[in-house]
Amino acid sequence: MANIASDVFFAALPELNQRLAAKEFSAEDLARAFAERLAQLGPRYNALALPLQQEAWRQAKEVDRDLKRGRTRGPLHGIPYGVKDLLSFKGQPTTWGAKPYAGQVFDYNATVIEKLSDAGAVLTGKLAMVELAGGGGYRLPSASLTGPGLNPWDRTRWSGGSSSGPAAAVAAGLVAFAIGSETSGSIVTPASYCGVTALRPTYGLVSRHGAMALSWTLDKLGPFARTAEDCGNILHAIAGGDSKDPGSAGKSFYYTPQYTRPLKELKIGYAAVDLDARVEAPARAAFQAALEALKETGVELVETKLPPFPYGPVLSTILAAEEASVFEALITSGKVDELADAAQIAGLKAALEVPARDYLKAMRVRRVIQEEFSKLFAQVDALVAPGRAGGATKIDQPLDRAAAPSPAGTPQGLAGLIPAGNLAGLPAVVLPCGFADNLPVALQLVGAPYSENLLLAVGAAFQSRTDWHKRRPPGL
Amino acid sequence: MKLTRRQLAAAVVSATAMAQTSQTPVRPTDELQAARERIKANGETLAQQQVPMATEPAFQFKA
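Here the protein sequences come in this chain order: A and B.
Sequence positions in the first sequence follow the working numbering and run 1109 to 1584.
Sequence positions in the second sequence follow the working numbering and run 2 to 64.
Treat the hints with caution; some may be incorrect.
To be verified - Here are some of the chain B residues that sit facing chain A, going by a computed Cβ distance under 7 Å:
{"hint": "1", "residue": "46"}
{"hint": "2", "residue": "47"}
{"hint": "3", "residue": "55"}
{"hint": "4", "residue": "56"}
{"hint": "5", "residue": "62"}
Claimed, not checked - 25 Å max Cα-Cα, derived SDA-like pairs, lysine to any residue:
{"hint": "6", "chain 1": "B", "residue 1": "63", "chain 2": "A", "residue 2": "1420"}
{"hint": "7", "chain 1": "B", "residue 1": "63", "chain 2": "A", "residue 2": "1480"}
{"hint": "8", "chain 1": "B", "residue 1": "41", "chain 2": "A", "residue 2": "1433"}
{"hint": "9", "chain 1": "B", "residue 1": "63", "chain 2": "A", "residue 2": "1443"}
{"hint": "10", "chain 1": "A", "residue 1": "1207", "chain 2": "B", "residue 2": "32"}
{"hint": "11", "chain 1": "B", "residue 1": "63", "chain 2": "A", "residue 2": "1321"}
{"hint": "12", "chain 1": "B", "residue 1": "41", "chain 2": "A", "residue 2": "1508"}
{"hint": "13", "chain 1": "A", "residue 1": "1502", "chain 2": "A", "residue 2": "1443"}
{"hint": "14", "chain 1": "B", "residue 1": "63", "chain 2": "A", "residue 2": "1208"}
{"hint": "15", "chain 1": "B", "residue 1": "63", "chain 2": "A", "residue 2": "1364"}
{"hint": "16", "chain 1": "A", "residue 1": "1413", "chain 2": "B", "residue 2": "49"}
{"hint": "17", "chain 1": "B", "residue 1": "63", "chain 2": "A", "residue 2": "1381"}
{"hint": "18", "chain 1": "A", "residue 1": "1403", "chain 2": "A", "residue 2": "1207"}
{"hint": "19", "chain 1": "B", "residue 1": "63", "chain 2": "A", "residue 2": "1399"}
{"hint": "20", "chain 1": "B", "residue 1": "41", "chain 2": "A", "residue 2": "1225"}
{"hint": "21", "chain 1": "B", "residue 1": "63", "chain 2": "A", "residue 2": "1365"}
{"hint": "22", "chain 1": "A", "residue 1": "1413", "chain 2": "B", "residue 2": "56"}
{"hint": "23", "chain 1": "B", "residue 1": "63", "chain 2": "A", "residue 2": "1478"}
{"hint": "24", "chain 1": "A", "residue 1": "1443", "chain 2": "B", "residue 2": "31"}
{"hint": "25", "chain 1": "A", "residue 1": "1352", "chain 2": "B", "residue 2": "41"}
{"hint": "26", "chain 1": "B", "residue 1": "41", "chain 2": "A", "residue 2": "1263"}
{"hint": "27", "chain 1": "B", "residue 1": "41", "chain 2": "A", "residue 2": "1574"}
{"hint": "28", "chain 1": "A", "residue 1": "1372", "chain 2": "A", "residue 2": "1358"}
{"hint": "29", "chain 1": "B", "residue 1": "63", "chain 2": "A", "residue 2": "1403"}
{"hint": "30", "chain 1": "A", "residue 1": "1352", "chain 2": "B", "residue 2": "50"}
{"hint": "31", "chain 1": "A", "residue 1": "1375", "chain 2": "B", "residue 2": "64"}
{"hint": "32", "chain 1": "B", "residue 1": "41", "chain 2": "A", "residue 2": "1324"}
{"hint": "33", "chain 1": "B", "residue 1": "63", "chain 2": "A", "residue 2": "1558"}
{"hint": "34", "chain 1": "B", "residue 1": "63", "chain 2": "A", "residue 2": "1479"}
{"hint": "35", "chain 1": "A", "residue 1": "1483", "chain 2": "B", "residue 2": "50"}
{"hint": "36", "chain 1": "B", "residue 1": "41", "chain 2": "A", "residue 2": "1217"}
{"hint": "37", "chain 1": "A", "residue 1": "1403", "chain 2": "A", "residue 2": "1433"}
{"hint": "38", "chain 1": "A", "residue 1": "1502", "chain 2": "B", "residue 2": "63"}
{"hint": "39", "chain 1": "A", "residue 1": "1483", "chain 2": "B", "residue 2": "41"}
Please keep in mind that the hints were generated in silico from the structure rather than gathered at the bench.
Heads up, the beta-carbon is just placed ideally off N, CA and C, and yes, glycines get one too.
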């Protein structure tokens, strides 16, 4: 077996492709190295839910046979990856991060796993997550079957949720990329906290067949990876219509950033207040510098603000009503009490009592929000804001006390962009952009539905001028 | 270091047990009451939103 140098664990897809093609190592060598590293270091960050070494080696041998015959299936061929443990993998446990489902086994693969398998990617393990993706409203990072997600940059800090394992595993070089999910913030938050690039696709672009449902009208699956370019190549492989997903938009995605409009023609909306009053003091300099770097790509930054809606209450109401229906049997059977987080248990129980009137009102307001975003995207091509207000929170810090409220009279700016973007089904790219108190911080770029190529083009231009996405956690 | 699945499961259980002991003790009835109040407050916020009568809910949600 070839000796795999540590830089390989942090290489982006083009470099891995090139080294595989040069026969510097085989796909099996690569899969074994990544799988062993995941099994060894994954528990250190509570990032591993289930190792799949045997399956990975079998799949990698197939890749080597293909390569020997001169066949290649594209940029994911032979690339080791992991999936959040809410995606079913035939014959293996799929726990959804929750004790009541610890023994759950499905007899089919999630569509995303099938698509990645078709692209030649090698699944090396399932990755940890907040129980039931945290829909009930958890108080502590410990709300998981695998314990609190620990941040590779500082193990006293949280890796974020609910896609804690995917973000930590990519940050620590345990997988080359990972698939996570977002209902409201579960990709943006852990990617920001762990300093990795990530993509939340437009609602309906990626099939959720075989994924745990939390909210049928909000759930999305997306990649965590090294670069914006990697995210584009992964989305290319996993996007597409699927009759097994009732929410599927039936659209494909072709990663073609070269055909987007020139960056100098793009207007990107931002709000000065987001980078000043609304971020934590240690992070301000990093965000200001990141905005300057973004300007250097040629885009025009224009001051803007979100239309004023109560995004949090609208999203919470829709999520509560839908998750209560999804998990009705769990809640009414009393097995919900087996969950780890008391606030999550209470949240799920209370969610059964959301009045139909409130759910319908929230869904009507949501339509108005979508219409208002259409108007906003007639004025700007994308929005940029901090992914989170600062670095990762402490592992024992209650999440309902995580952020101080903005002072009264603080302008709207882009506050609430995470729930707003999710309500409108908008895509987002997360770009690491610096450090605050030695912890990563990141920007989120949010665009109109199906504007992934534009966001990724801007992201790639930003990453060509910065190296934050190349930084490695201490000791790794 | 190689971990067997059995060793991994043991590590998971101990980590979870540690995590559970670190939670702030709050009575379940208080938690439930707080959760109900949040839902009620959300409903009150929604009630203040004016929506044109013709606006249909975002069923068949499409971005």
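Evaluated hints:
Taking 7 Å as the C-beta cut-off, the interface hint given for residue 46(B) holds, the closest approach to chain A being about 4 Å. The beta carbon of residue 47(B) comes within 5 Å of a beta carbon in chain A, closer than 7 Å, and the hint placing it at the interface holds. Hint on residue 55(B) is violated. Least Cβ distance to chain A is approximately 10 Å, over the 7 Å limit. Restraint check, residue 56(B) versus chain A: the minimum CB separation of about 5 Å is within 7 Å; hint holds.
Taken as an interface hint, residue 62(B) checks out: its beta carbon lies about 4 Å from the nearest beta carbon of chain A, inside 7 Å. The hinted pair formed by residue 63(B) and residue 1420(A) meets the criterion: a straight-line CA distance of about 20 Å does not exceed 25 Å. Restraint check for residue 63(B) and residue 1480(A): satisfied, since their Cα atoms lie roughly 15 Å apart, inside the 25 Å limit. Distance restraint check for residue 41(B) and residue 1433(A): the Cα-Cα separation of roughly 18 Å lies within the 25 Å cut-off, and the hinted pair is therefore satisfied.
Simply put, residue 63(B) and residue 1443(A) have alpha-carbon atoms about 34 Å apart, too far for the 25 Å limit, and the pair is violated. Under the criterion of a C-alpha separation no larger than 25 Å, the hint pairing residue 1207(A) with residue 32(B) is consistent with the structure, at around 20 Å. Only pairs whose Cα atoms come within 25 Å are accepted, and residue 63(B) paired with residue 1321(A) is accepted, the gap being roughly 17 Å. Our distance criterion of 25 Å between C-alpha atoms is met by residue 41(B) and residue 1508(A), whose separation comes to about 18 Å.
At most 25 Å may separate the alpha-carbon atoms for a hinted pair to count; residue 1502(A) and residue 1443(A) exceed this at roughly 30 Å. This hinted pair does not check out: residue 63(B) and residue 1208(A) have alpha carbons roughly 32 Å apart, beyond 25 Å. Annotation: proposed proximity of residue 63(B) to residue 1364(A) holds, straight-line Cα distance about 23 Å (limit 25 Å). In summary, the hint linking residue 1413(A) to residue 49(B) is supported, as the alpha carbons are separated by about 21 Å, within the 25 Å threshold.
Distance check on the hinted pair: residue 63(B) and residue 1381(A) sit about 31 Å apart at the alpha-carbon level, beyond 25 Å; violated. Between residue 1403(A) and residue 1207(A) the alpha-carbon distance is near 47 Å, which puts this suggested pair outside the 25 Å criterion. The hinted pair formed by residue 63(B) and residue 1399(A) fails the criterion: a straight-line CA distance of about 31 Å is larger than 25 Å. With a C-alpha separation of about 46 Å, the suggested pairing of residue 41(B) with residue 1225(A) is violated against the 25 Å cut-off.
Under the criterion of a C-alpha separation no larger than 25 Å, the hint pairing residue 63(B) with residue 1365(A) is consistent with the structure, at around 24 Å. For the given pair, residue 1413(A) sits about 24 Å from residue 56(B) by alpha-carbon distance, which is consistent with the 25 Å threshold. A C-alpha spacing of about 10 Å is found between residue 63(B) and residue 1478(A), which places the hinted pair at or below 25 Å, so the restraint holds. Between the alpha carbons of residue 1443(A) and residue 31(B) the distance comes to roughly 19 Å, so the proposed pair stays at or under 25 Å and holds.
Distance check on the hinted pair: residue 1352(A) and residue 41(B) sit about 35 Å apart at the alpha-carbon level, beyond 25 Å; violated. The suggested pairing of residue 41(B) with residue 1263(A) is violated, with an alpha-carbon distance near 37 Å, which exceeds 25 Å. Of the supplied pair hints, the one linking residue 41(B) and residue 1574(A) is violated, its CA atoms being roughly 46 Å apart against a limit of 25 Å. Taking the CA atoms of residue 1372(A) and residue 1358(A), the gap is about 32 Å. The hint is violated against a cut of 25 Å.
The suggested pairing of residue 63(B) with residue 1403(A) is violated, with an alpha-carbon distance near 32 Å, which exceeds 25 Å. Among the hinted pairs, residue 1352(A) with residue 50(B) is inconsistent with the structure: their alpha-carbon atoms are about 36 Å apart, more than 25 Å. For the hint pairing residue 1375(A) with residue 64(B), the CA-to-CA distance comes to about 21 Å; that is within 25 Å, so the pair holds. Taking the CA atoms of residue 41(B) and residue 1324(A), the gap is near 23 Å; set against the 25 Å cutoff, the hint holds.
A C-alpha spacing of about 11 Å is found between residue 63(B) and residue 1558(A), which places the hinted pair at or below 25 Å, so the restraint holds. A hinted pair counts as satisfied when its Cα atoms are at most 25 Å apart, and residue 63(B) with residue 1479(A) qualifies at roughly 12 Å. Restraint check for residue 1483(A) and residue 50(B): satisfied, since their Cα atoms lie roughly 19 Å apart, inside the 25 Å limit. At roughly 39 Å between alpha-carbon atoms, residue 41(B) and residue 1217(A) are farther apart than 25 Å, so this suggested pair is violated.
For the hint linking residue 1403(A) to residue 1433(A), the alpha-carbon distance of about 45 Å lies beyond 25 Å, and the restraint is violated. At roughly 37 Å between alpha-carbon atoms, residue 1502(A) and residue 63(B) are farther apart than 25 Å, so this suggested pair is violated. Our distance criterion of 25 Å between C-alpha atoms is broken by residue 1483(A) and residue 41(B), whose separation comes to about 31 Å.
Comparing the model with each numbered hint stated earlier shows that hints 3, 9, 13, 14, 17, 18, 19, 20, 25, 26, 27, 28, 29, 30, 36, 37, 38 and 39 do not hold.
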